[in-house]
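Trainee: Chain by chain, the residues run as shown.
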Amino acid sequence: MSFALLSSILVDGVTYAMILFMITVGLSMTMGLMRVVNLAHGAFAMLGGFLAASIPQRLGVPVGLGFVLAIAVVALVAVLFERTLLRRFYRRDDLDQMLVTIGLMFVATAAVNLMFGSSVTSVALPEAFGGSVDLGFRSIPRHRLIVVACGLVVVAVLWLAVDRSSFGIRVRAAVDNAPIARAIGIDTTRIYAATFAIGAALAALGGIAGAEMLPMEPTYASKYLVILLAVVAVGGNGNLFGSFFAALLLGIVETSMKYMVPQLASAAFFLTMIVVLLFRPQGLFGRQA
Amino acid sequence: MPSPPIELRFDDVTTGYAGVPVVEHLSFSVREGERLGLIGRNGAGKTTTLATAIGLADLMQGRIHFGGNDIGGATTYARARAGLGYVPQGRDIFPSLTVEENLLSGLQGRSAGVALPPVYALFPRLKERRRNGGTQLSGGEQQMLSVARALVGQPRILLLDEPLEGLAPMVREELMDAIVRMSDQLGVGCVLVEQHVDVVLDFSTNVIVLERGVAAYAGSAAALREDEELLNRTIGIQKC
Amino acid sequence: MSAVIPPMAMAAPPRARPWKQLRAEIVLTLAGLLAFVVFPQDLGLLTNMATMSIFALSLSIVLGQAGIATLGQAALYGAGAYVAGWTALYLTTDPVAGLLLGGLGGGLIALLSGAVMLRSTKLTLVMLTIAVAQLLLELANWARWLTGGDDGLAGFEVAPLFGLWEFNFMGHTGYFYALGALVLVYFLVRNLAESPFGLTARAIRQDPGRVQALGGRVYLHLLAVYTVGGVVAGLAGALTAQTSKVANLFMLDFTTSAGVVVMIVLGGTRRLAGAVLGTVAYMTIHHIASTLNPYHWLFVIGSMLIVVLIVLPEGLIGLLDRAAAYARRLGGNGGAR
Amino acid sequence: DVVKVGVIAPMSGPFSAVGQTWEGATKAYQKLNGTTAGGHTIEVIYRDLPDINPAQAKALAQELIIKEGAQYIAGLYFTPDTLAVAALAQEAKVPVVIFNASTSSLLEKSDYLLRTSYTLPQMAVPVAKYALEKNIRNVVSLVSDFGPGLDAEKAFNTAFVAGGGKLLEAIRAPLKTTDFGPLMQRVKALKPDALYVFGPGGPATYAMIKAYNEAGLRAAGVRFLGTGETDEDQLRAIGPELLGIETGMFYSATHNSPLNHAAVKALAEVAPKAIPTVQLANAFDGLHVIYHMVKATDGKRDGPKALAAAKGFSWESPRGPVKIDPASREFVQNVYMRVVEKDSSGRFVNREFRTFEMQPDYGRIQGAAK
Amino acid sequence: MTPRLQTRNLCHSFGGLAVTQNVTLSLPQGARTALIGPNGAGKTTLVNLLSGAIRPKSGDIQLDGRSIVQLPQYARVRSGIVRTFQISRLFKDLSVADNVRVAVLQRLRASMQWWPSPARSARVHDEVHETLGMLGLNPYANRVVGRLALGEQRLAEIALALAMKPEVLLLDEPGAGVPQGEGGRIMSAIEGLPKDLSVLLIEHDMDLVFRFASHIIVLVAGAVMVEGSPQEVAANEQVKQIYFGRDAHHAQPSH
Ligand SMILES: Nc1ncnc2c1ncn2[C@@H]1O[C@H](COP(=O)(O)OP(=O)(O)OP(=O)(O)O)[C@@H](O)[C@H]1O
Ligand SMILES: Nc1ncnc2c1ncn2[C@@H]1O[C@H](COP(=O)(O)OP(=O)(O)OP(=O)(O)O)[C@@H](O)[C@H]1O
Ligand SMILES: [Mg+2]
Ligand SMILES: [Mg+2]
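Protein chains in written order, with the working numbering: chain W, 1 to 289; chain Y, 1 to 240; chain F, 1 to 337; chain G, 1 to 370; chain Z, 1 to 255.
For the record, the hints were derived by calculation from the structure and aren't laboratory data. Cβ coordinates follow ideal geometry from the N, Cα and C atoms, glycine included. Watch out, some of these pointers could steer you wrong.
As the list claims (entries may be wrong) - Each computed BS3-like pair below joins lysine-lysine, with the alpha-carbon atoms no more than 25 angstroms apart:
no.: 1; chain 1: G; residue 1: Lys129; chain 2: G; residue 2: Lys166
no.: 2; chain 1: G; residue 1: Lys176; chain 2: G; residue 2: Lys166
no.: 3; chain 1: G; residue 1: Lys300; chain 2: G; residue 2: Lys67
no.: 4; chain 1: F; residue 1: Lys122; chain 2: Z; residue 2: Lys92
no.: 5; chain 1: G; residue 1: Lys191; chain 2: G; residue 2: Lys166
no.: 6; chain 1: Z; residue 1: Lys240; chain 2: Y; residue 2: Lys127
As the list claims (entries may be wrong) - A few chain Y residues that don't get close to chain W, going by computed Cβ distances all over 10 angstroms:
no.: 7; residue: Glu128
no.: 8; residue: Gly153
no.: 9; residue: Glu211
no.: 10; residue: Ala218
no.: 11; residue: Ala221
no.: 12; residue: Arg225
Generate the whole structure from the sequences, applying the supplied hints.
Mentor: This is how it looks when you write it as structure tokens:
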């Protein structure tokens, strides 16, 4: 294998991985903390993407501000969903949780179809993100580098803000046993809403950042669902670093197969996942149950 | 003490689950520094009574006052923050948290540096195992953790649902001593549910005996101790 | 001392009262015949309802009874379909042979994949089931010469049923064939659920560790349940292939797996009747919604799913139960006064 | 009396735009040509089939024929669905006019199938000829790994190599891929003169074009040769990315003929939301064939007679002159090379600049030649 | 005579924590042995090791002189070693009777049966109700377990074990959470067990321990500290200090 090929695989693999990570990080947070398998995660990403595409045009605001607004709207929608529907499902089994979020996904898909039509919508990036950067042996689109940077920032911030703070403890307590958590003074309502909103906002951010590679269209939510779940499962049930490394592993495997035997790229992706899960059922970084 | 003592009071409370009453027409009151015992057979409604106080069962009739406010409609966490401490029956340790995290979860905004050392002093075992998963502890250790988790929130009235279950005799003594001390020195009020009648009688000033959801006796512990007939009938205890 | 226990009148063990025991099957048959009489022109839809009900039953065993979380049931369904197709193409066009072999095909895939997957639980298991189905799909796509790739496996004939009834475009034979299979499968599956095998499966769903402590071989039991589920799903796939004369990749797709989960949840996961009820409800609503205004179908099914999950956690079957209980109360009161 | 035509179309789901255009096109056709054929009122009924689901396709066709009494079945976006309907059509002797499903060998499955869309070899061979004309010597083909993609790959490469060109590599991408970056890097490393592409449409096409531009293939002068990548719906979604790209196809909304202008205008009036893509021509012509068959059978249910009338039928369509080949029942039509440009009003359009006249289904011909 | 159940130098640890250290003990036929010791001494872990829920790091376990340390849990249960759980583990959505039925079916190796023969189902039914009767649970037979008070669930937990008709019974704090009055029910159920059954009881309630045991083993920090007759153990100063505490006078053999 030539050096150029190897480095190309690495560069493309890593950027692809970072996009996977950006989109899944919100999911791995809600799953790790709230233990809710949110199958509508993709719907939040999709909503973020579509809003980011349309808000700047319709409101005439700068693209960057549009993105912030889009993320905020998604967080708001998430809180509404959490307050009115999801909260009824914390005590129910995984399956019911999956299904109510699938229901949401269907509704979101129908809504997006109605509002934006069924074809691909491109998310216009701020001017500064355009163009390519020359790496010597090849060039790489600048927005991909920005996505990589975003991914790193997100993982750092989340590590500080969630994993290492009492917030994370309270969320996990609330999810483990809500009545008892309340009985020792935890306001589970607020905690849930906040966590879910942050997870959805991260989804929106990931959706926007990844829109170049996973393009926005109404079936987005269901189409990439399996990939999102794969990253989270391989990473270890909501472990942030887990999904970071899982994204790297799966991203690089799939990318290198694309360079070598493209027909088998998806098969390789799923095979990797099966192998990892058979040998480490709790995922790469998961805690043993 | 400048302010009047905080009091938990049940007035003619009927309560249960999903509309089915389990405990009926119960009235009692506990103040800071007082100790109330609650005994009765399996399924008599002891747990339900405590759960009602903290807001985990349906209050169907009657009023509950705490610190001068009617808390019958208040949220559970607000009751906890107002100073009701709860040690649930069966421990209910949060499985995804470590021992220390379980304790931190009960802090209610207090500083860990202040709140943890006293409970670690009370249960040195917990300090040793503080990085372990909460449910990896032995049964008795979990019980210690459950009590400790309530204590870090510095409650004014403590609801203890079978806190001694699974504890070794010596630890039981230590724990009961500690609670008595807390109650005497810090003026914490206690409601104790416990299977061992002797323990309850030694501990409490007043006792309620529940029989199928109704108070069959409410009065001083000393008087109850003498009433063997009642004890036998309601709890099935024969004193030797 | 010892607490004296009053002697209790023990409930007698269930004795065989055939018509009472066969109540569900009789209702199902009558409903099927009634549907035939009332909607003689919708046999295509009715046939699909029957085959999908069988598919839903397979999931009801696996997920509803044993609690094996799966979003990959399509792998077993698709396997049955392809096997039935191959049987017709290369072996015999006899429908019953194709059906049985299809069931075996589904069971075999379940046995093989279950053997590696079933030591996992929860999300890991869900993901493994998805991955196995996806892998099969990739494999089927790759083996175009065998499966027809994404165009599907077609061009096979199905001989008349029992040499008597031809499968024509009017769909009578197809419908009664599917209905018959459904009633039979329901009967078998119901017995399975009520049997010691089923009770143990439900116990495992709640606490596998406890069953192990009672000497149960949880893994083997789950594998057996999953294989049975595979056989039933394979039957459904084979029926679908025979009645539509196509087996294709989409039958292995994630959407197919997710769809059937939605159906049984609508109906109620814990009960077998829920699977049939959910399937019929889902397909009826789809049919009506897409005739009235197809653009809103996803909207309808999505919100319906949410509403059912909230209002009827037991599924539609829960609604029937409540109605029955209400009727009994009314009847009881009336009788007493 | 009424003759019913049952159309099975993706009215919801990811391909709902297709259903919309079909519905609009049939309305437009009836607006321009009246709702009667030979004195019989033609009623078009739609049924939704959002995804690939042969069992449901068959049930819908059954319902249309038996319950609604439809004499003709039409529509059908996906090949597997069409296969299920084909088996039924053969039994029921009902003519089926396929609006889209384009696998080359499909019409062999039943004597009652007609098609007013296209086959991939029909498009790919002219594109190969065009490439040779332009002195392109080395190409890489990149197709999605599914039936039409493989059809396209085979037809293009065979024709291109037969004409003296050199195929550097034939790459097949998994159907669900949306990250084409690595594949484009690989193409770039091969340094071809042109890249022949066929994808499944929608998001994959979008991602493919993006990756083509971003990998610097366009900048490096590697020509893009395609088929449906620049359909009008793609032009609306990602116009700027497509500017200057050349494709070969049988129809574009800007095709300059009075009949086409009328059809596009009628579509805009009856279905303002529908996009005038190739699907407009497909459904429009499909209904035209059906009108013809209704006239030939005098509104009676007579499959064989209807089919006999359709074979060899030729007419002027919005896409230009067309004919149904009497032997194979395939559609014979012009293929146009087009380039994406901005028109005077700033919209992106396909400008036709080269016509390959009356192209047959090369799949059959190439197959027979082997 | 070889003891029924015997361990030799059994060792186990979680991470760095040695929870079982060189435990050598034996349970003769008909044993009524109590295992006591401070919280976290490793009693439950020992039960887990004996029942096969976890594998020891080293050492041997023998049943009737045959090593069973390699046998999986189900095989040990089938050879008669049955345990209960300190924290009830029941099938919460099933009725009390069905909970017990699951156990009976396991014992009869009938759990894989699809078509129950009427004769066999009648037998299962009888056994279920017989077991419920032993603990006075008949009135609750059709109640869903998850809705019982915790004390009632304790009784069901024991019913599950009794339904297995064990030969070696490992009871992990059966009395925990059962009121003093009702503790008698458990005791009488245990006392009603066949005499040749070997029982190992873990309990912190000394009333129960002394009423039940003819032999007591004291486990401290994973190792056996003393063992002997109730009188001997009750009189042991070390045990008093570590375990009984000030209330040692409570800890009196009652017979
Ligand atoms: N969640 C619940 N839903 C319905 N009924 C319940 C629930 N929890 C308890 N019960 C019923 O309420 C009654 C009283 O239960 P409770 O738990 O208060 O008893 P208890 O006195 O605490 O008994 P124990 O000594 O066993 O802990 C019991 O009959 C029980 O079956
Ligand atoms: N899975 C585990 N991982 C880590 N430590 C464990 C695990 N299980 C038990 N321990 C530790 O091993 C020690 C022994 O636990 P065990 O449950 O055997 O105690 P025990 O003697 O039954 O105590 P108790 O009387 O309180 O029930 C405890 O300190 C416990 O924290
Ligand atoms: Mg209680
Ligand atoms: Mg223990």
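Trainee: The structure should be examined with respect to each hint, and the outcome stated for every one.
Mentor: Verification of the supplied hints:
no. : hint                  : in the structure
1   : Lys129(G) / Lys166(G) : holds (13 angstroms)
2   : Lys176(G) / Lys166(G) : violated (28 angstroms)
3   : Lys300(G) / Lys67(G)  : holds (17 angstroms)
4   : Lys122(F) / Lys92(Z)  : holds (19 angstroms)
5   : Lys191(G) / Lys166(G) : holds (12 angstroms)
6   : Lys240(Z) / Lys127(Y) : holds (24 angstroms)
7   : Glu128                : holds (20 angstroms)
8   : Gly153                : violated (6 angstroms)
9   : Glu211                : holds (26 angstroms)
10  : Ala218                : holds (25 angstroms)
11  : Ala221                : holds (27 angstroms)
12  : Arg225                : holds (32 angstroms)
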